[in-house]
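A.B. asks: Listed here are the chains, written in short residue letters.
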Amino acid sequence: MARYIGKEMSRVDGVAKVTGKAKYAAEFQVPGIAYGFIVQSTIGKGTIKSIDTAEASRAPGVIRIYTHENAPKPAPPKSAELKPQTNSQERDKSFRALQTNRIFFNMQPIALVLAETFEQARYAARLVKASYAEEKPMTDMEAELKSAFMPNPQRAPKPRGNPSEAFQTAAVKIEAEYTIPVEHHNPMEPHGAIAFWENEKLTIFDKTQGVYTVRTHLATSFGIPEENVSVVSPFVGGAFGSSLRPNYYPWLASMAAREIKRPVKLVYTRQQMYTGHGYRPQTWQKVALGADKNGKLTSIIHEAANNSSTFEDYSDNTTNFPRSIYACPNVDSPQKIVKTDMSTPCAMRAPGAVSGMFALECAMDELAYSLKIDPLELRLINYADVHPDSGKAFSSKALRECYHLAAEKFGWKNRKLEPRSMRDGRMLVGWGMATGVWGAFQQPASVKITLRADGTAYVASGTSDIGPGTYTVITLIAAEYLGLPAEKVKFELGDTKFPRAPVQGGSFTTASVGTAVYESAQNIRQKLLDLAGKEANSPLKAAKIDEVEFADGKLQIKNEPARSISVSEIMRRNNLTELTDIHEAKPSPERNKYATGAHGAQFVEVKVDPDLGIVRVTRVVEATACGRIMNPKTSHSQEIGGIVWGIGMALTEATEIDHRYGRIMNPNLQHYHVPVNADVLEVETMFVEEDDKIVNPLGIKGMGELGMVGIPAAIANAVFHATGKRVRDLPITPEKLL
Amino acid sequence: MNSFKYTPATEAASAVQSVSANPSAKFLAGGTNLIDLMKEYVERPNELVDITRLNLAQIKSTGGSLSIGALAKNTDTANHPLVRQNYPLLTQAILAGASAQLRNMATNGGNLMQRTRCQYFYDIAMPCNKREPGTGCGALEGLNRIHAIFGYSDKCVATYPGDMATALYALDASVRIRKPDGRDRVVPVREFHRLPGEAPEKDNVLQHGELIVAIDLPKNNFAAKSYYLKVRDRASYAFALVSVAAALETSGNNIRQARIVLGGVAHKPWRSDEAENALVGKPANEETFRQAAEIALKDAKPLKHNGYKVELGKRAIVLALKRAMNGGAGKEA
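From first to last, the protein sequence lines are chains E and L. Numbering follows the numbering used here, in which position 721 of the first sequence is assigned residue number 721; successive positions increment by one, without gaps. For any residue, its number in the numbering used here is found by taking its place in the second sequence, counting from 1, and adding 738.
Check each hint, because a few of them may be wrong.
Derived DSS-like pairs (lysine-lysine); straight-line CA-CA distance at most 30 Å [what the hints assert, rightly or not]:
id	chain 1	residue 1	chain 2	residue 2
1	L	K1042	E	K136
2	E	K736	L	K893
3	E	K416	L	K1069
4	E	K286	L	K1042
5	E	K725	L	K1069
Stretch by stretch, here's where chain L covers chain E in the computed footprint (C-beta under 8 Å, at least three residues) [to be verified]:
id	segment
6	115 to 124
7	176 to 183
8	376 to 388
9	555 to 566
10	724 to 738
If you're looking for bench data, these hints aren't it; they were derived computationally from the structure. Just so you know, even glycine gets a beta-carbon here, dropped at the ideal spot from N, CA and C.
Input sequences plus hints: build the corresponding full structure.
C.D. replies: Here you go:
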């Protein structure tokens, strides 16, 4: 019986976080530090004709100023790890600061000022004067949709069946366009780093989702061995995808530290974050659905385009997840890119999936109304029992159970189909639903475990914890399988001195690192069993690995706990004080025989002010099927956070660009509206657990992204139900409902 | 941020003298807007005269009226028993603004002085006549969803962002100002803020060195029937797209006096005398309210992205008046 798995555990790093003991990248104390401040371009496209740093150089405290004219050149980037998500095999073209006089996007870094204090650097930064040969930037993706192209058509998913013909002949059809603006992650912690060199060895404290990725990036850039770069990132104040790729500042800080031979601290301002890392790209989508008169889908044509920069082809992969949701024989899902004079987008929580499912699930709602079928019923009619592309069985898929459970909890059966048919006093009440989907990914990941004779254990992995509770869940899994109290297990992460682990992204960390811990604990169990079992009178004599377990500091026979030896006793007899195992876990090939994924169902109630167009999300019920839940407490927290993100995407969030200048005009938290507490009312999250030993031995699937995937569509559908107005352009601000 | 001299003041006279003597000096009270703008290089004073120690935080009854000190915190003002009892519209308006933390810092004088939230004003790379006279107005042909529909000029389409002042306009408040010569002058709050005209850099009629010392609220009969309605992009911590300060004095069901002030639609709170007058002597019902709302918005000239404010403004007026009639409880009769 599990002692920890499946039981609520508070965050092991919670006290450190709320007392300020948890150190974030820019908080490390390094003596002799110099402060950097980035100067950004004021045009969106063109060439820097000249850049005058004379006045800035004379400002108090200024140490040095770098521009494209005097900044050293990094070695040509080659690491595949830095590439944006694309089908292209081209070499990395990620943006590097101060390498050219060309301006590719507004607010591009054009100089770095180094000074004795932050305020001095910031002050001097204002004195750097650039003159430009200006060109007209193009940032209005929708105006340039005709230039959309497939970055790598030969690798795009092939159409299933004959979707156009099936659409033409469908008994019932709908066709609609959906648009989502650029959105930014806005984590609480601004991106920043402190870099310093000791001879040819670089240490950098960085906010990152992957210390190894930053290490490769910097080692490549400086042409030094990877072992010479230490990346330290024990705590991250939210990232949501914005720190998956190394952004331009780690190299900038490291370069400056090397040149001025002093530690350099460089932190983005909130404004600088808007072009200092990527963003969720703008998307345009068109969905055509054809169905027979009973609601059975006969055709799905889901087209999508997202904006990218001029120098990289970032595909948000918007249509990838949606094409696997419904059992429909004829599907096409072309995914295109429009080049714009903006920085390159990047993954942002549930990338592609949330945007694509917004369009598909709104379209399904529209189809339900054309057919006069309950929207939930329509989903069940088209439920995919096997993966519709590959025909493979799912390793597990409890989506149907999620639909039923959440519908029951929500009271969906009391819904009246007719829009504007439900009221609460003056308020229009709307009920909407949608489906969520994400993968059940696993990546190779390594851990080191040291089990000590004193009844403690040390676990380390070069993974990251950007907030979901990785410190806690890995401690929990280690305690479970080492048979120790959780408080006797210390887990460290976020440092390249620990074994290699993948970036924290794709919701695959627990599945990857947790599996490594599980397997490594098994290795340790085997080693101890070998030691214990070799003694003639051992109670564990002849026991096999699968028959024994760790419990309460002992190694015991599972079915016969009286037969046991304490771990400390085994070690003492073998003159050991500790036992260490370093292990890499890899996804099992068994997975390839199946389709894998995680799913969820969301039901939303909105109340819409009929006079003022204000939408309040008064109730959300979400049921999620993502394997086995390790820690319900942090897991619910993930799903609740996803719902809040979904509310923001649906109702409030948009990065506004003045296309005349190609400039983001709301790069701050007063003008870019993330939801506040007052926007989040009743939220209930539930899990339908799946017993899935195929995805990995512990049955772990990802959940961090999944929780938000259906929410924007469910809200938009609820708004339609409340008002009779179909808003296909996010966010749904009051004026769209007047 | 520019370097600046920090000058703590202990008396109003010396504070006024310090600022008068330096054309680049500014008063510092709560700092909730000024410091942000200094970080953005929008405000560039070379001296801050800290007035937080001045004895200007009292809220006191003087005869029939109420004087609220310029340095009284927004939170304390909103929750003062005399304000809650006699001027609930002011309480509602203050509490509709900012966040609890900001209201705990922000002062009443500073609230009147807060600057526009126009994005172009905040971004020093963009043209803005308010920030840099002569550079042009970025919002006029740019993103202007949150901008003015009344009283703007081709030099500036920014709005005054505050909630508190919108209520003060409805309450016929006046602003008591200490002049550099040590004497006070009193300006009706309606005349305190300006329209942009040819000089959008001037938000109000305060001369350099003049210090707001108090806001005076005359006695009125609106306490029973007033309501502050704010429409914004999220439930809290956002500026008004449109807000309405509505107040009614009735005799039976007949309207004796009315106040309708719109926030978020102009360079100052926008009070419509014509709409108010149209209500006087009429029965307090939805039809009358609608007529008044039509009148209040009839001269609106929306820009490219803020046409919605016209219809939204009308609806908000009707709703606010209905809620005022219902005792300001947040629900309409």
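A.B. asks: Next pair to validate is K736/E with K893/L; report whether the Cα-Cα distance is within 30 Å.
C.D. replies: 29 Å, holds
A.B. asks: Can the restraint linking K725/E and K1069/L be considered satisfied, given a maximum Cα separation of 30 Å?
C.D. replies: 25 Å, holds
A.B. asks: Within 30 Å, alpha carbon to alpha carbon, are K286/E and K1042/L?
C.D. replies: 27 Å, holds
A.B. asks: Do at least three Cβ atoms from the segment 724 to 738 of chain E come closer than 8 Å to Cβ atoms of chain L?
C.D. replies: With 4 residues closer than 8 Å to chain L, the segment 724 to 738 of chain E meets the three-residue bar; holds.
A.B. asks: Holds or violated: the segment 176 to 183 of chain E covered by chain L, criterion of 3 or more residues with Cβ-Cβ distance under 8 Å?
C.D. replies: Per the Cβ count (0), the hint is violated.
A.B. asks: Apply the coverage criterion to the segment 376 to 388 of chain E and chain L: a residue qualifies when its Cβ sits closer than 8 Å to a Cβ of the chain, and three qualifying residues are needed.
C.D. replies: Contact hint for the segment 376 to 388 of chain E vs chain L: violated, 0 residues under 8 Å.
A.B. asks: Please check whether the segment 555 to 566 of chain E has three or more residues whose CB lies within less than 8 Å of a CB on chain L.
C.D. replies: violated (count 0)
A.B. asks: Mind checking the alpha carbons of K416/E and K1069/L for me, to see if they're no more than 30 Å apart?
C.D. replies: Between K416/E and K1069/L the Cα gap is close to 26 Å, so the pair holds against 30 Å.
A.B. asks: Verify the coverage statement for the segment 115 to 124 of chain E against chain L, using a C-beta to C-beta distance below 8 Å and requiring 3 or more qualifying residues.
C.D. replies: n = 3 at 8 Å, threshold three: holds.
A.B. asks: Does the alpha-carbon distance linking K1042/L and K136/E stay inside the 30 Å limit?
C.D. replies: 22 Å, holds
Hints 7, 8 and 9, counting from the list given before, are not met by this structure.
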